[in-house]
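Trainee: Got two chains here, each in a separate frame; can you build the complex from them with the hints?
Protein chains in written order, with this note's numbering: chain U, 236 to 604; chain A, 6 to 626.
Incorrect hints may have been included.
[What the hints assert, rightly or not] Not the full set, but computed from the structure, chain A residues with beta-carbon under 10 angstroms of chain U: (1) 112; (2) 126; (3) 152; (4) 182; (5) 263; (6) 265; (7) 525; (8) 584.
[Claimed, not checked] Each computed BS3-like pair below joins lysine-lysine, with the alpha-carbon atoms no more than 30 angstroms apart: (9) A:272 <-> A:381; (10) A:501 <-> A:486; (11) A:351 <-> A:513; (12) A:581 <-> U:572; (13) A:486 <-> A:381; (14) A:386 <-> A:517; (15) A:517 <-> A:334; (16) U:323 <-> A:581; (17) A:150 <-> A:133; (18) U:569 <-> A:581; (19) A:381 <-> A:351; (20) A:581 <-> U:408.
Quick caveat, the hints were computed from the structure, so don't treat them as lab data.
A virtual CB, placed ideally from N, CA and C, is assigned to each residue, including glycine.
Take a look at the letters that make up each chain.
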Amino acid sequence: MILAAATNENLAHTSNVLIYSAMAVYMLAFFAHIFEWIFGSRSKVARTAAALTGGGSPDAEAGTKDTGTVTIKVATKNGGTTVLERPKIVTRSASGSRDVPDGPGADGGDVQGDMWGRIALALTILAFIIAAGGVLTRALSVQRAPWGNMYEFSITFSTVAVGVYLGLLASRKLNIRWLGLPLVTTVLLTLGLAVTVLYTASDQLVPALHSYWLWIHVSTAIFCGAVFYVGAVATLLYLFRDRYETKLIAGEKISAFATSVLERLPAAATLDKLAYRVNAAVFPLWTFTIIAGAIWAGSAWGHYWEWDPKETWSFITWVAYACYLHARATAGWKGRKAASLALVAFACFLFNYYGVNIFVTGKHSYAGV
Amino acid sequence: MSDTDTHAGRGRAGGPDGDAGPTGNDGPAAPEEAPAAQGETGGEEEAGGALTRDEADAREIGAAGSQLSTAPREEPLMAGPRLGPIGWARWFWRQLTSMRIALLLLLLLSLAAIPGSLIPQSSADQNKVDTFITEHTTLGPLYDKLQLFHVYSSVWFSAIYILLFISLIGCIIPRTWQFVGQLRGRPPGAPGRLTRLPAYTTWRTDTEPEAVREAALAVLGRRRFRVHVVGDAVAAEKGYLREAGNLMFHVALIVMLLAFASGSLFKSEGGKLIMEGDQDGFSNTLSQYDDFTSGSLFDSGNLAPFSFSLDNFIGTYERSGPEVGTARKFQADIHYSAGPGDKEHKGVIKENHPLKIEGSNVYLISHGYAPSVTVKDGRGKVVFHGATPMLPFDKNLSSSGAIKVMDGYRDKSGKKDQLGFAALFVPTFGGKGQMLSQFPAPDFPVLNIGAYHGDLGVDSGVPQNVYQLNTKVLKPFKDAKGQILKQSLLPGETMKLPDGAGSITFDKGPVKEWASFQITHQPGELWALGGAIAAILGLAGSLFIQRRRVWVKAVTGPDGVTVLEMAGLGRSESAKLPEELGDLAVTLIPEAPPAPDPDADDAGEASAAVAPADHAEGAEK
Ligand code: HEM
Chain U
236 MILAAATNEN
246 LAHTSNVLIY
256 SAMAVYMLAF
266 FAHIFEWIFG
276 SRSKVARTAA
286 ALTGGGSPDA
296 EAGTKDTGTV
306 TIKVATKNGG
316 TTVLERPKIV
326 TRSASGSRDV
336 PDGPGADGGD
346 VQGDMWGRIA
356 LALTILAFII
366 AAGGVLTRAL
376 SVQRAPWGNM
386 YEFSITFSTV
396 AVGVYLGLLA
406 SRKLNIRWLG
416 LPLVTTVLLT
426 LGLAVTVLYT
436 ASDQLVPALH
446 SYWLWIHVST
456 AIFCGAVFYV
466 GAVATLLYLF
476 RDRYETKLIA
486 GEKISAFATS
496 VLERLPAAAT
506 LDKLAYRVNA
516 AVFPLWTFTI
526 IAGAIWAGSA
536 WGHYWEWDPK
546 ETWSFITWVA
556 YACYLHARAT
566 AGWKGRKAAS
576 LALVAFACFL
586 FNYYGVNIFV
596 TGKHSYAGV
Chain A
6 MSDTDTHAGR
16 GRAGGPDGDA
26 GPTGNDGPAA
36 PEEAPAAQGE
46 TGGEEEAGGA
56 LTRDEADARE
66 IGAAGSQLST
76 APREEPLMAG
86 PRLGPIGWAR
96 WFWRQLTSMR
106 IALLLLLLLS
116 LAAIPGSLIP
126 QSSADQNKVD
136 TFITEHTTLG
146 PLYDKLQLFH
156 VYSSVWFSAI
166 YILLFISLIG
176 CIIPRTWQFV
186 GQLRGRPPGA
196 PGRLTRLPAY
206 TTWRTDTEPE
216 AVREAALAVL
226 GRRRFRVHVV
236 GDAVAAEKGY
246 LREAGNLMFH
256 VALIVMLLAF
266 ASGSLFKSEG
276 GKLIMEGDQD
286 GFSNTLSQYD
296 DFTSGSLFDS
306 GNLAPFSFSL
316 DNFIGTYERS
326 GPEVGTARKF
336 QADIHYSAGP
346 GDKEHKGVIK
356 ENHPLKIEGS
366 NVYLISHGYA
376 PSVTVKDGRG
386 KVVFHGATPM
396 LPFDKNLSSS
406 GAIKVMDGYR
416 DKSGKKDQLG
426 FAALFVPTFG
436 GKGQMLSQFP
446 APDFPVLNIG
456 AYHGDLGVDS
466 GVPQNVYQLN
476 TKVLKPFKDA
486 KGQILKQSLL
496 PGETMKLPDG
506 AGSITFDKGP
516 VKEWASFQIT
526 HQPGELWALG
536 GAIAAILGLA
546 GSLFIQRRRV
556 WVKAVTGPDG
566 VTVLEMAGLG
576 RSESAKLPEE
586 LGDLAVTLIP
596 EAPPAPDPDA
606 DDAGEASAAV
616 APADHAEGAE
626 K
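Chain A with its partners taken away, still in its complex shape (with noise of 0.2 angstroms):
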């Protein structure tokens, strides 16, 4: 299929292999010592006694290859001032600013969010961090300390963030200038022998070197290359929005980070039950919310005025197969309303599809059941009746609560009192023994049910959780064997409680589901993702796009003929550079018609490919 794949490497190894010889002072260490873009440290310092390849190189390209990037110049990391205060301010500001520590800084990043996956989050689950800490005696409140239940927001982990963008930043404005520089300019001009470049290639011409150069500078131009002569040479550059890319991509991660910190100071966060047919559902003021929170810079004032109620829930679940009892569908049927002044609106939330109003987003987070009871007090009179969400504690949706009757209730001889009682509740029973459901679709649904009274402490300003009854100041109720009082009841069954205290029913009907939403208000949500398009937008320009010099070179040769060189210099990883240096050559022929070879002689190629390349530097001179 892919011959040529095959032989590829072949056919050029077996090409001139005398050619293809050792280059002899290239030692091991030459990698090390190349400069970062091609002619990056061009003309700079010497190193005594012979030059490697690729100094001479370096010094041949000089200015021509410089400037190809805007990368930082790299300086010795150990080169410390001997200067005063300013100068080391100036020395740490390079250091900071410079490619290596930025390098450092991103190692260190990723380096640095690695503990976080591995050891329980406090923003994630605090419980599990709670339970870390009973269970590791030695190593939990040294976690505590180094911030390591809380990484990403931990004093380290942001400094590493803060100081690589401020890095960036310093590392950006003066490549943008650079930058900015680079387009008002113009490309140099050709270094002085165009044969040290990586792509090259000569011919003879009859036409005259005025006419080469009229027609190089016509065929770069058509192919969108910046183009101009400069002595004998037309230096043309293109590509430079690999460079608009890469800057763009580094701003927009600003923005991004900008967009974020914003983000968490102004937001806010909360969640909310509402049980299915609820008219008063849920308005966006804070005290309507079960649990909230906010960035620093956030003010209650700024929520928007909406609301909505939930009409129905809908929860479908796998009947069969080895996955039975999963999740198929949730979807919550919802009325809203914008503000005071807006009708209602019908509407669906759906895992994925969260509600967006005013500016908010509103999830559909979870959900549950609440049955419903009718409990009668000591007289008969009906001192509760509705419906109380119980909190799902397994896959299965078994679930347990506490319904508290507050007011109202007076026992047989007319005494005031209050009532708990500590629920259970399974959609679908599983037969005797426990209360565990075997399906969260309420097919069977069952309700235990025990009974206590007293004090339910809710006026004693302690704050305490609705789903749990504080047993151990209540009083329980006692059955015949004195037992606490607790009895499973289907829907329609009634448990009395004893001494004609009164009675609890579980009433008949389909039994409510309940919905816990979420609503969040996270401004700078746009910026975010306007900052994202633009990375991945800069990225590719960055990375897809190119920049590369070409020039084109034409002088008289001793013998009255035009010697006509063409090079081209990318970056080291181009490989297209050949290839598009033969594409404009081909197109250039036609204008510069090659001349016959006076020593008609194939035999070495190669070396004709050179000595062309040391006449032209000697015409120039």
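Okay, chain U solo, but in the shape it has when bound (with noise of 0.2 angstroms):
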């Protein structure tokens, strides 16, 4: 028993010992995007003005884009291959967006940007893995799922968001590495604010907590969080840059360190995809987390709605993004409309973790803050 209970100490001191390694290699990688930022800017390429401003001709095909020739090898009925030309497809933006080519990225095709980037993303991967150690070994110090109280949800949030970035990243789908320096940096504050304030040493959970619903309940809901702040992150970009660019139609003076930072993101119309495109992918997640809580309070508490301020406010979350998702589809709040809706959905999810764990007691309020 005594020994167990050594070990189980000896891994959480490991387990915050990994967290706060993991914090300072994140404080690396912040200052690396910094660099890439700052090298970036040296750049003049001004695409985005030129392409809004430059006198061109009012063609509409003048937004086309194509996907480039690609060549590509068939097998063929008798075996061998042939090498076919996969034909260009020519593509235009839908209508009622501008078509404005998306930017370079933060190193604004910098040599010495792009350098530092990569040196970021390295010390990303690192810190995540060191930071997953830390989730980890804390887990294995209580013998249970990592989220039983702030600290716990915090840091296993923070991993799963940087997880869900490089997962991003990985798959080659999006050209998400604008996210970088928005997500260390909230990461490094996320951890910040976990190991002073919300600090709570390992223990085993109540009674009520033990359920394998809880391990899919919060499972679903800490990986939902971490795509709804993707999502979060590239709507509030969308709503910097679609100011920028509409200024720029408007020839309106710009500060220089906005157009240097704006120049450099994707294209807001592309912000705004990609925005909707996380979100509604994870919407269904999201219903699916409601409803196994709804599941686990039934057989933990007797009811399976009570209105908890716990479980209001994730239906609150939870229309709020339905919001999101149908004024997509209603004229007149496509656009800027629709993304603050989406920022105040995912400022009523982030209440519901941090706001309604301190301010408001409810059945839920175990967490031991």
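Mentor: Following this line, the structure appears as structure tokens:
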């Protein structure tokens, strides 16, 4: 017994050391990203401005982008391969959106900027591995899933958020390297808050939390939160970038700093699309999370739904995201208004995890803050 | 690591920069005017003067882009009718079932849910509500009037969700018909100029147009598109499941609401405290409940006739560490039978593991101690012997209760009287001073008793709390100093009442525990679960499946070579469309191999892509 307890304490200690180490590496990644943006600002490409204000013909076809001609190999019936020319697909952006190319990314095409960007990414991967180790040892030390209190929730949430980012990068389907700096910054803030204000020594759960539904409910909630986070950052940057593009078209003055930062981001339409895809993709999972929570509440407390503050705010978050999805299909609400709704929805999500635990008491306030 | 990601944007931007020029008329207001789904407003009113690119597009795409979803058409909110009452009713219905009002109601619903999470709710804790009202003399009554203490059953909250669901039904029915119509119909024919579509490709081939169309029908059909030939083009559509999923989701929401509504109308819910080893236990009739609530359509004749009793309660607690005293395990070992004819079964109820029996769920809600005492009267006769449940008031289970001796007691002179003992119980006594427990397990149990006699008021008809004595009516026994007679007892110890009025003994042996159970019966649970599963599946279909159309047009050009054009249309968010079109093209190429370009000039790539289109259009006419 005592031996086991000592191992657990050692593991908990290891976990703390790992979390602090991860913070240190994230800090380095943060600086590397800063260098990436600084070196990137040397680039004088200013493509967006050129695309929007430069005097070309107003021909509608001007906005077409092409995916390039790709040569592909196809197996033929008799076992050999033939080389086919993949035809060039000409795409046009949807009606209503401007035809603006995406920015070149944080490094702005600068060689040194690019190098710092790669260093930042490498450091982020390292920090992610260390933090994941921290979460894992924490889980081992308490012999349960690592989300029994807000400290554990925070370290797990931030690690999963970085995992989602790295996963999206690895899938290569979306261009989201611009997310690096905002992500690392928020992760540092979250971890900083976790180790100072929210820290709770490792221990087991009260019986109400012993349930596999807890495992399902909280793990999906954390994952949804991480993905909603990516969606929210994309939405926020969309709002900035959209204002920037509008101002460019109107010929208004924009500060050099804003220009330098914003022209390197993807186009507003790209960010908007990305935000939608990310939010829409997890919305069914978020729906499932709430239902799983109701099932768990049903078996733990005898009531599926009692309008407990946590349940209420999950519901509010859900309705707010439904509003966002609806707004995108409602004339007069697309674009900036819908984006604001997405931000409100994410704010509701955050409030549910921090605000409700701290300011409101309810059945969920086991969390020992 | 992800080199391509960094450079993807650059590569594209660095391409034919001259081509990516401005779109002059495309002012900042353009997004606002954009149609809901492409082409939704196609061919509608024409603003005088120059068309924006979008308007031009919408007109070009026309019917080909219509009904890519079944979303209701947007109508201007302010277009009030000039008609009579029927006109107004129609106008009102149209507004209520419009996307805009649905959105507004959804927004209202989320806003309306907020106060209930910040203001104490009587459904959760009536005591908190009462304290709030006494503490806030102005806000309290105001909140009460606004029904803010029961937000989720308030008139205004109900009004919002009922309107929302009326709107939802009003939306689903026409959409379903429309969708059935779309399923019966065929994909619309190709628009005039395929180049206007979001994804487009073209090549020249020596295969005859007829054969190209045949091949396209086969290729698209194999990919499970619905296909047919319209004029000189093959029209194909896929992804109807998106619409089906969306409709299923919205219908599932209604099913869930109805399930909850019927559940709360027919539900019954009650609490029962049972002592360890109490042979009578509980049988499921109305009179057995300590407290009971039910929906307005509940019929007590429908209570299932099961019964159960508590054999043993086990509670374990953290013995060390920072969270010492925190509960680790609660378990109630029970015996139950499903009805009079059924034999007894053993069972276990734990937190998270209710007993499901005859459509009801039995939950373990709380637990506490029931110290056993023996009371003798003035003549030395045992007039009370048994355990009395005490209510815990802190997390270490310091508890309070009342031991009432109602019948049989006679004082020294043989006169009938009633006895009442105000009891405090601590499972782990912390030494001198306060009766506050140090630990929730019965490590060092102590019972503190204050003694009273007189009329317990049991027969007065006024409902009274079994855990409290009405000390205003009762007379205390006094000790030598004139104070209320009060004493802390260890198991086995006895407190003598003054003047030979009898005695009370805290019985030796392990202290009994009690557990309280909640018995709920809520019909419609399965419907709600089914609705929830359908909602998730429907949502997944609605959000993951893309509905898209593909057209393959083949016409003979003036030089006798076939010009093949392919274009795709989907919702603006669909990113996969160009990719899919590329894949389709690749599968089509073996059947319609590209013919050598007559003017082998690859400088003007972009214009090459456009030129055949105009060409084709000419040929079509
Ligand atoms: C009870 C509350 C409602 C919820 C939670 C809800 C939720 C949703 C969600 C999540 C979507 C998917 C959005 C997407 O495809 O991007 C959707 C789509 C849709 N909803 Fe609702 N909805 C509700 C009520 C309504 C009502 C009252 C109407 C009728 C006006 C309606 C009409 C639609 C339509 C037409 C779509 C399809 C939009 C499209 O094709 O883009 N919904 N809804």
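Trainee: Hint by hint, note whether the structure agrees.
Mentor: Right, here's what the structure says about each hint:
1. For residue 112 (chain A), the interface hint holds, since its Cβ comes within 10 angstroms of a Cβ in chain U; the closest pair sits about 6 angstroms apart.
2. Interface hint at residue 126 (chain A): satisfied, since its Cβ lies 7 angstroms from the closest Cβ of chain U, which is below the 10 angstroms cut-off.
3. Interface restraint check: residue 152 (chain A) against chain U, minimum CB-CB distance 14 angstroms, threshold 10 angstroms, status violated.
4. Checking residue 182 (chain A) against chain U by beta carbon gives a least distance of about 19 angstroms; that is not within 10 angstroms, so the hint is violated.
5. Nearest Cβ of chain U to the Cβ of residue 263 (chain A): about 15 angstroms, over the 10 angstroms cut. The hint is violated.
6. Of the supplied interface hints, the one on residue 265 (chain A) holds, with its beta-carbon coming within about 8 angstroms of a beta-carbon of chain U, less than 10 angstroms.
7. For residue 525 (chain A), the interface hint holds, the least distance from its beta-carbon to any beta-carbon of chain U being 6 angstroms, beneath 10 angstroms.
8. The interface hint given for residue 584 (chain A) is met, as the beta carbon of that residue sits about 8 angstroms from the closest beta carbon of chain U, less than 10 angstroms.
9. For the suggested pair residue 272 (chain A) and residue 381 (chain A), the alpha carbons sit about 46 angstroms apart, so the restraint of at most 30 angstroms is broken.
10. For the hint linking residue 501 (chain A) to residue 486 (chain A), the alpha-carbon distance of about 15 angstroms falls within 30 angstroms, and the restraint holds.
11. Note on residue 351 (chain A) and residue 513 (chain A): the hinted pairing holds, with a Cα-Cα distance of about 29 angstroms set against a maximum of 30 angstroms.
12. For the proposed pair residue 581 (chain A) and residue 572 (chain U), the alpha carbon gap of about 26 angstroms is at most 30 angstroms, so the pair holds.
13. The hinted pair formed by residue 486 (chain A) and residue 381 (chain A) meets the criterion: a straight-line CA distance of about 24 angstroms does not exceed 30 angstroms.
14. Under the criterion of a C-alpha separation no larger than 30 angstroms, the hint pairing residue 386 (chain A) with residue 517 (chain A) is consistent with the structure, at around 24 angstroms.
15. For the hint linking residue 517 (chain A) to residue 334 (chain A), the alpha-carbon distance of about 17 angstroms falls within 30 angstroms, and the restraint holds.
16. Distance restraint check for residue 323 (chain U) and residue 581 (chain A): the Cα-Cα separation of roughly 15 angstroms lies within the 30 angstroms cut-off, and the hinted pair is therefore satisfied.
17. Simply put, residue 150 (chain A) and residue 133 (chain A) have alpha-carbon atoms about 17 angstroms apart, close enough for the 30 angstroms limit, and the pair holds.
18. At most 30 angstroms may separate the alpha-carbon atoms for a hinted pair to count; residue 569 (chain U) and residue 581 (chain A) meet this at roughly 21 angstroms.
19. A distance of roughly 37 angstroms separates the Cα atoms of residue 381 (chain A) and residue 351 (chain A); the hinted pair therefore is violated under the 30 angstroms criterion.
20. The hinted pair formed by residue 581 (chain A) and residue 408 (chain U) meets the criterion: a straight-line CA distance of about 10 angstroms does not exceed 30 angstroms.
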